[in-house]
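Novice: Now for the letters of each chain:
Protein chains: 4
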Amino acid sequence: MDLKSKIAEAAERVLLANGLAKTTTKEIARAAGCSEGSLYNHFKSKEDLFLHVLRGQLKNLMGALSKLQGLAGQETVRANLERVAFAALEDFGASMPLICSVFSEPGILLRLREGFAQRNEGPHRANEAVEAYLEREKQLGRIGEGTDPRAIADLLLGSCFQHAFQTNFLGREESEEDRDRFAKRVLDPLFAALA
Amino acid sequence: MDLKSKIAEAAERVLLANGLAKTTTKEIARAAGCSEGSLYNHFKSKEDLFLHVLRGQLKNLMGALSKLQGLAGQETVRANLERVAFAALEDFGASMPLICSVFSEPGILLRLREGFAQRNEGPHRANEAVEAYLEREKQLGRIGEGTDPRAIADLLLGSCFQHAFQTNFLGREESEEDRDRFAKRVLDPLFAALA
Amino acid sequence: MDLKSKIAEAAERVLLANGLAKTTTKEIARAAGCSEGSLYNHFKSKEDLFLHVLRGQLKNLMGALSKLQGLAGQETVRANLERVAFAALEDFGASMPLICSVFSEPGILLRLREGFAQRNEGPHRANEAVEAYLEREKQLGRIGEGTDPRAIADLLLGSCFQHAFQTNFLGREESEEDRDRFAKRVLDPLFAALA
Amino acid sequence: MDLKSKIAEAAERVLLANGLAKTTTKEIARAAGCSEGSLYNHFKSKEDLFLHVLRGQLKNLMGALSKLQGLAGQETVRANLERVAFAALEDFGASMPLICSVFSEPGILLRLREGFAQRNEGPHRANEAVEAYLEREKQLGRIGEGTDPRAIADLLLGSCFQHAFQTNFLGREESEEDRDRFAKRVLDPLFAALA
DNA sequence: AATGAATGAGGCTTCATTCAT
DNA sequence: GATGAATGAAGCCTCATTCAT
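Protein chains in written order, with full-length UniProt numbering: chain W, 1 to 195; chain U, 1 to 195; chain X, 1 to 195; chain G, 1 to 195.
Since the hints were derived computationally from the structure, they do not count as laboratory data.
Among the hints, erroneous ones may be present.
A pair holds if it fits inside one copy or across any two, identical chains being indistinguishable in the list.
[Stated by the list, open to error] Think about it this way: if two alpha-carbon atoms lie no more than 25 Å apart in a straight line, the pair counts; the simulated BS3-like pairs of lysine-lysine are:
1. Lys-59 with Lys-44
2. Lys-4 with Lys-67
3. Lys-4 with Lys-44
4. Lys-44 with Lys-6
5. Lys-26 with Lys-4
6. Lys-22 with Lys-6
7. Lys-26 with Lys-46
8. Lys-46 with Lys-138
9. Lys-59 with Lys-138
10. Lys-138 with Lys-67
11. Lys-46 with Lys-59
12. Lys-44 with Lys-26
13. Lys-59 with Lys-6
14. Lys-4 with Lys-22
15. Lys-4 with Lys-138
Modelling step: build the complete structure from the supplied sequences, incorporating the hints.
Specialist: Structure follows, in structure tokens:
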């Protein structure tokens with residue numbers, strides 16, 4: 001693997017461990033096994049390196065949900081949404097500390113936004129993906145005529161997002177079963193609405 | 001108003017404007033109209049001052065929801081929940097940048113958690129408040145026997161939380177009508193489930 | 001003496017000894033007997049400190065010549081011009097290394113120029129001072145009708161300037177007698193022209 | 001042209017544009033169209049490269065004046081000295097920024113001096129050249145018996161040198177006519193003395 | 001209690017130089 | 001000879017904290 005990737009991965013590790021404010025170039029270099037100067041052969045500044053890592057995190061977040069498109073009509077809607085909820089809990093949970101950190105540095109936040117605007121990206125795309133999936137299922141007749149796909153998507157992902165936030169915020173360890181239980185619990189009333 | 005409160009308010013203002021990482025003691029002092037030295041006559045350290053401010057933010061966040069207890073049985077459930085959703089959107093939105101910032105400083109996050117554990121506080125209390133309200137309404141027979149109050153609370157507050165997050169993250173200005181529309185949209189399917 | 005002056009003097013010493021390129025904030029602080037951080041309590045940046053010192057050097061340079069105005073009509077023209085030449089040799093010699101150094105940093109040079117333009121200052125003012133003096137003497141009839149004060153001023157100060165430059169450049173030590181001899185030597189033909 | 005010359009010329013270009021302090025090896029390499037490493041295949045160090053360029057500049061400075069020797073007795077003295085003054089203004093003006101820059105790096109200045117001492121070179125040789133020319137004219141009886149060739153040389157070149165310095169220092173653009181006018185103006189009183 | 005100059009640790013970044021390819 | 005990524009020393013500057021007034 002080339003040094004640039006090694007640096008990016010090291011930065012991600014250090015950022016998740018130490019937080020954005022307490023992450024120094026010196027420590028990134030040590031974690032990457034190179035000199036501090038080398039960071040600047042591959043990234044223009046510390047801020048640029050952080051942006052690179054953050055964009056990676058946000059892409060991961062989308063990765064799981066982008067596969068949703070093909071699932072419409074397959075298996076059961078319930079099974080599909082359970083998978084969605086589960087993936088969201090996992091992905092949100094993993095990237096929450098970093099994504100949230102960005103609020104502490106308005107300069108970085110601004111640059112992220114600019115990038116989003118140009119490429120039509122951003123965290124809201126996750127909700128749009130679920131919405132699109134549900135729209136398809138509606139066309140296929142597998143969920144009720146009267147359902148509002150966007151509202152369902154927002155409720156489902158929103159509850160997962162907040163759950164991931166609180167889990168991180170309170171420092172709670174969470175098992176797969178915990179996640180599964182949460183996913184099923186919020187899906188129950190949602191399915192009452194989808195009928 | 002005494003200097004301690006003036007400092008705390010100044011700190012809050014500067015934190016919300018500049019982000020946790022870029023907020024310096026010098027700037028807080030200027031905003032409070034006092035000297036840097038004075039900060040240390042009222043707070044042991046910059047971190048302590050930040051904790052003071054952050055705890056205040058989290059209390060605000062609970063403020064609106066704590067009144068919920070008395071609303072059970074009054075007006076309609078729908079009206080009450082609309083009020084809840086609206087307050088959540090507003091409060092989450094206002095404190096989001098600061099609350100999230102905390103992830104950039106694990107040291108501060110840790111101390112916040114310790115305080116929570118001792119006093120049984122934390123952001124999850126908001127969801128518990130809504131859950132408790134719904135439990136009452138269930139006992140009063142105003143919502144269906146089969147509803148899971150916790151799940152409904154998580155869905156409602158979760159979607160509001162994520163919405164507030166995304167609005168902040170994308171830097172979108174949002175009008176009262178925008179908020180109202182969002183609140184109503186997510187409540188519709190929820191009420192289908194509550195019947 | 002306050003720390004600001006101590007820092008400025010220390011900076012001047014170090015600049016003259018080490019050259020503009022090799023002068024570090026660390027060494028200035030050591031020479032001033034304070035911490036590096038203290039430099040920044042009194043000057044916004046290293047560049048600003050340098051500008052402060054350079055402007056001082058240029059003022060010294062003018063100081064000796066500004067007294068010329070009152071000399072018109074006093075003693076003999078020859079004696080006055082000898083004094084001028086001598087002062088020029090001394091002042092040019094002392095500030096040459098620093099003044100010239102400025103060419104190595106276009107940024108600083110630019111800022112110096114801007115200041116000059118605003119306050120009608122600059123090294124050319126020295127020549128203007130001598131010119132003004134000679135103009136007076138011409139009006140008093142102590143030098144020939146046909147003389148061109150500006151040309152005489154440029155010849156006199158120019159030769160002193162170049163002499164000081166070369167002495168510094170070649171690293172030659174120069175005694176008072178050396179300077180005196182040079183001054184007299186160039187004044188001889190000049191006086192042949194003034195008759 | 002071989003790479004060594006290309007590098008030297010690129011270095012000269014960059015030095016004149018950016019100043020000695022702000023000229024980096026990276027930029028020289030880019031200007032020369034080669035890699036940074038190549039610089040070190042042809043020069044032992046950055047300092048050596050700079051010395052190479054500086055010696056070239058000082059040689060240029062002598063170039064025009066070395067032809068003076070043959071001019072004695074030709075045309076008129078006035079015409080010859082006008083040519084000298086004009087060449088001096090031009091050459092001094094072109095190399096002033098670089099030559100002066102050297103004061104910002106005592107290490108380089110020292111090494112330049114050593115070279116001068118060994119080869120009897122240096123900026124004072126220009127004055128000696130004019131002096132020698134005038135000496136010849138004196139022997140030929142084209143200038144007055146009583147004239148001091150060295151003094152005239154110092155006055156003439158000195159005034160041109162200072163003029164070039166100030167023009168550079170103040171950042172003034174200067175036309176050929178400006179130069180011509182200045183040369184003639186200082187030569188007038190000088191010729192009154194040569195009679 | 002209020003001040004604000006002084007501190008010094010530590011952060012980010014630049015840059016001349018080396019060396020394996 | 002040519003390359004250019006890697007180096008690491010060193011530079012400038014920021015900032016929370018202290019302390020004498």
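Novice: Confirm or reject each hint.
Specialist: Now for the hints, and whether the structure bears them out:
no., hint, in the structure
1, Lys-59 with Lys-44, "within (21 Å within a copy, 41 Å between copies)"
2, Lys-4 with Lys-67, "neither (28 Å within a copy, 53 Å between copies)"
3, Lys-4 with Lys-44, "within (12 Å within a copy, 31 Å between copies)"
4, Lys-44 with Lys-6, "within (16 Å within a copy, 29 Å between copies)"
5, Lys-26 with Lys-4, "both (16 Å within a copy, 21 Å between copies)"
6, Lys-22 with Lys-6, "within (20 Å within a copy, 28 Å between copies)"
7, Lys-26 with Lys-46, "both (11 Å within a copy, 21 Å between copies)"
8, Lys-46 with Lys-138, "neither (47 Å within a copy, 54 Å between copies)"
9, Lys-59 with Lys-138, "neither (27 Å within a copy, 42 Å between copies)"
10, Lys-138 with Lys-67, "within (18 Å within a copy, 39 Å between copies)"
11, Lys-46 with Lys-59, "within (20 Å within a copy, 35 Å between copies)"
12, Lys-44 with Lys-26, "both (16 Å within a copy, 15 Å between copies)"
13, Lys-59 with Lys-6, "within (18 Å within a copy, 42 Å between copies)"
14, Lys-4 with Lys-22, "within (22 Å within a copy, 28 Å between copies)"
15, Lys-4 with Lys-138, "neither (45 Å within a copy, 58 Å between copies)"
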